Amino acid sequence: MTMNTDITSSLSAIGYLADPQLAVALQLALDLQRPLLLEGEAGVGKTETAKALAQVLGTNLIRLQCYEGLDSTAAIYEWNYQKQLLAIRAREHDAVSAESIEKHIFSEDFLLKRPLLEAISQEQSPVLLIDEIDRADEEFEAYLLEILSEFQISIPELGTVHATAKPQVILTSNGTRELSDALRRRCLYTYVEFPDHKRELDIVLARLPGIERELANQLTGFVQQLRKEDLEKKPGIAETLDWAAAITGLGITALSDDLDKVTASLICLLKTEPDIKSVTREVVSRLAGKAA
Amino acid sequence: MATATHQNKTTPLTGRIVGFIDHLRINGYKVGTQESRIVVEHLGRRPPAALSHIRQELKILLACGKEEWQNFDDLFEAYWQTSGRRRDMAQKTASPDIRKPPKQTPIWQNHFDDGTSGSGKDTPQIETEAGKDVSGEATGRLVAANTSVLQKTDLKNIVDPDEIRAAEALALRLASAMRYRLSRRHQPSRHGSRIDLRRTIRAALPCGGEPIDLYRRCVPHRPVHILLFLDVSGSMKHYSRFFLQFAKGMVCSWIHTDAYIFHTRLIRVTDAVRDKNSARAMTRLALMAEGFGGGTRLGDSLATFNRHYAKRAVNSRTVAIIVSDGYDTGTPENLASELARMKKRVRKLVWLNPLLGWQNYQPVTAAMQAAQPHIDHFAAANTLESVAQLEPHLAAM
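From first to last, the protein sequence lines are chains A and B. Taking numbering that gives the first Met the number 0, the leading residue of the first sequence gets 0, the next gets one more, and so forth. Taking numbering that gives the first Met the number 0, the leading residue of the second sequence gets 0, the next gets one more, and so forth.
Hint data in this document are derived by calculation from the structure and do not stem from the laboratory. Treat the numbers as computed from the prediction; the structure is a model and nothing was measured. Among the clues, some could well be false.
As the list claims (entries may be wrong) - Heads up, simulated DSS-like pairs for lysine-lysine below, C-alpha to C-alpha not over 25 angstroms straight-line:
#, chain 1, residue 1, chain 2, residue 2
1, A, Lys50, A, Lys112
2, A, Lys276, B, Lys310
3, A, Lys227, A, Lys270
4, A, Lys270, B, Lys342
5, B, Lys343, A, Lys232
6, A, Lys233, B, Lys342
7, A, Lys197, A, Lys232
8, B, Lys310, A, Lys227
9, B, Lys343, A, Lys270
10, A, Lys232, A, Lys276
11, A, Lys227, A, Lys165
12, A, Lys227, B, Lys65
13, A, Lys165, A, Lys197
14, A, Lys102, A, Lys50
15, A, Lys50, A, Lys233
16, B, Lys347, A, Lys232
17, A, Lys233, B, Lys310
18, A, Lys289, A, Lys270
19, A, Lys112, A, Lys82
20, A, Lys112, A, Lys165
21, A, Lys232, B, Lys65
22, B, Lys65, A, Lys50
23, A, Lys270, B, Lys310
24, A, Lys232, B, Lys342
25, B, Lys343, A, Lys227
26, A, Lys276, B, Lys65
27, A, Lys232, B, Lys29
28, A, Lys289, A, Lys260
29, A, Lys197, A, Lys227
30, A, Lys233, B, Lys343
31, A, Lys233, B, Lys65
32, B, Lys65, A, Lys197
33, A, Lys270, A, Lys233
34, A, Lys276, B, Lys342
Stated by the list, open to error - Far from chain A by the CB rule (all over 12 angstroms, computed), these chain B residues:
#, residue
35, Thr10
36, Pro11
37, Ile25
38, Lys65
39, Ala77
40, Pro210
Using N, Cα and C, we set each Cβ at its ideal position, and we do this for glycine too.
Put together the whole structure using the sequences plus the hints.
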């Protein structure tokens, strides 16, 4: 319990206001030394969580951005082939045995560490963020399983590399693809929702200290209402912050003052054409009325 | 750790927690013994805390997926707040929160059983109706098909196990016709277009670094992803049995398929038809099919898909197949806009209309008219043969 309030307060000390459930999840992940899988819509602050955690723990954040076609050479390690070829050529006329050349060119000097290998060979245990794991394909998940459960990587030419310090792993997923049960079972799971009004207001106030409280209240209320509308892409927290900055930049002090400007500034929140078309001036005035 | 576990085993709390995990398993959670051990150890190690806090922790430890995350609180309350009951309560599924009925009636088998089914009180409407129609008035409407040839039997008359098997085989053939799409990932191959530097250099080592054998890489074929939408409304009731079987064939084969049924609303049935325990699978399907044989709201159903499932279910290799007769009680504008939205996400949109095989049928309903501009391939699907004719079209996509 005390530990839990600790992490909440140390997170808020660095300006990250965690959802209570998420704070419990982070604490559990730290206590049990298990990876944490965060799922939720884009823009609810999943990646930000990992960054904040690294900051709180005072460690490095190593980030692996997943994409379709990501494979072991881009995620784990790769030999520096050009350098190896040069080394072979350079020693061609020396009287060195083939074994010693082989030993030389398959040493760590010739190894290019990619994020996963980097993460397990750190002195101090880092936070490893595997971002948007659902974008990588199924084959890549299989690589991850070994690393997540054993924290070791086998390199045929070098042998098995064991973790010097266990990284704290955070995986994020937008749910564009169903993840395998094997992967899910190895992780603690949390579904991250959009923040409620109060928490979003706190976030805006924490991130934009110059904003007036009443305006921030209206803004967040408006965004909360907007998320209830039938949109293709709901605005995330980052969008709210952008928009709040835009509104203050435009010199608007209350949403109902200048509806045209507010409607025009919605490009900060709405990112698809049908969404922009569906939120007309009338809708804006209705939502602003509800928010006020 | 082992001793801690051992000590814990004797406490009543441990028993209750194991019972709770059992309760979750019955409700479809995939919790292994390892997870149970971690939970028991974790709770044994920490000082007692508020129930709400323990609930949060258990939720994080035991749920692994959005749906589980969302129904965890209900299950938690159902188990922990009916005091005085022991763990066998969960096994008897007496809790109102357990959604599967205690008796698992083998409904699927009856689906094709020539209408002898439907005796049970909680069997779905379709069976009784379907049975009646196969023998009854519906046969008179058979126009396009030649009843003597198996492949040309109108699908609504298919009840024979052999024909059902043929339906499954056909599903497999169609699936394999659409099997491959290109990928950006590389894999070793003898005749690939690119040189695999890693393996080449490894092989060059014995020759002192002279790359004599060149190893190559190529782009592998990626299986296509199929979305199947089955209309199970009243107007489609003669065909829905066959197409459910077709869906089962597609989902159970190696290809990546997502199946949905819709009438007035849309329900994802992939997991239900994939379930290896067929009795349980069919019970689930029966529950899902409540409202089978009612009206159709095509536009709303597709809207549900676009809003809730599309992000997860669709990628650039997706082919959507909609099986419907196009009799829609919703507005055509709604249908058209939802189809347009879906068209943007999927690679191809195929519409199979069983009525199209009937003589003199013209797709003139407002819904069909509205839908046609968005469809890549529009075909009849009232006989096995007509469905089989799709194969070359799908292969070309």
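Hints, verified against the model:
no. : hint                : result
1   : A/Lys50 x A/Lys112  : 21 angstroms, holds
2   : A/Lys276 x B/Lys310 : 21 angstroms, holds
3   : A/Lys227 x A/Lys270 : 16 angstroms, holds
4   : A/Lys270 x B/Lys342 : 19 angstroms, holds
5   : B/Lys343 x A/Lys232 : 15 angstroms, holds
6   : A/Lys233 x B/Lys342 : 21 angstroms, holds
7   : A/Lys197 x A/Lys232 : 22 angstroms, holds
8   : B/Lys310 x A/Lys227 : 18 angstroms, holds
9   : B/Lys343 x A/Lys270 : 16 angstroms, holds
10  : A/Lys232 x A/Lys276 : 13 angstroms, holds
11  : A/Lys227 x A/Lys165 : 41 angstroms, violated
12  : A/Lys227 x B/Lys65  : 19 angstroms, holds
13  : A/Lys165 x A/Lys197 : 36 angstroms, violated
14  : A/Lys102 x A/Lys50  : 39 angstroms, violated
15  : A/Lys50 x A/Lys233  : 23 angstroms, holds
16  : B/Lys347 x A/Lys232 : 23 angstroms, holds
17  : A/Lys233 x B/Lys310 : 13 angstroms, holds
18  : A/Lys289 x A/Lys270 : 23 angstroms, holds
19  : A/Lys112 x A/Lys82  : 15 angstroms, holds
20  : A/Lys112 x A/Lys165 : 17 angstroms, holds
21  : A/Lys232 x B/Lys65  : 19 angstroms, holds
22  : B/Lys65 x A/Lys50   : 23 angstroms, holds
23  : A/Lys270 x B/Lys310 : 16 angstroms, holds
24  : A/Lys232 x B/Lys342 : 17 angstroms, holds
25  : B/Lys343 x A/Lys227 : 24 angstroms, holds
26  : A/Lys276 x B/Lys65  : 31 angstroms, violated
27  : A/Lys232 x B/Lys29  : 31 angstroms, violated
28  : A/Lys289 x A/Lys260 : 18 angstroms, holds
29  : A/Lys197 x A/Lys227 : 16 angstroms, holds
30  : A/Lys233 x B/Lys343 : 18 angstroms, holds
31  : A/Lys233 x B/Lys65  : 18 angstroms, holds
32  : B/Lys65 x A/Lys197  : 24 angstroms, holds
33  : A/Lys270 x A/Lys233 : 9 angstroms, holds
34  : A/Lys276 x B/Lys342 : 19 angstroms, holds
35  : Thr10               : 20 angstroms, holds
36  : Pro11               : 23 angstroms, holds
37  : Ile25               : 17 angstroms, holds
38  : Lys65               : 5 angstroms, violated
39  : Ala77               : 20 angstroms, holds
40  : Pro210              : 9 angstroms, violated
Of the numbered hints listed earlier, those contradicted by the structure are 11, 13, 14, 26, 27, 38, 40.
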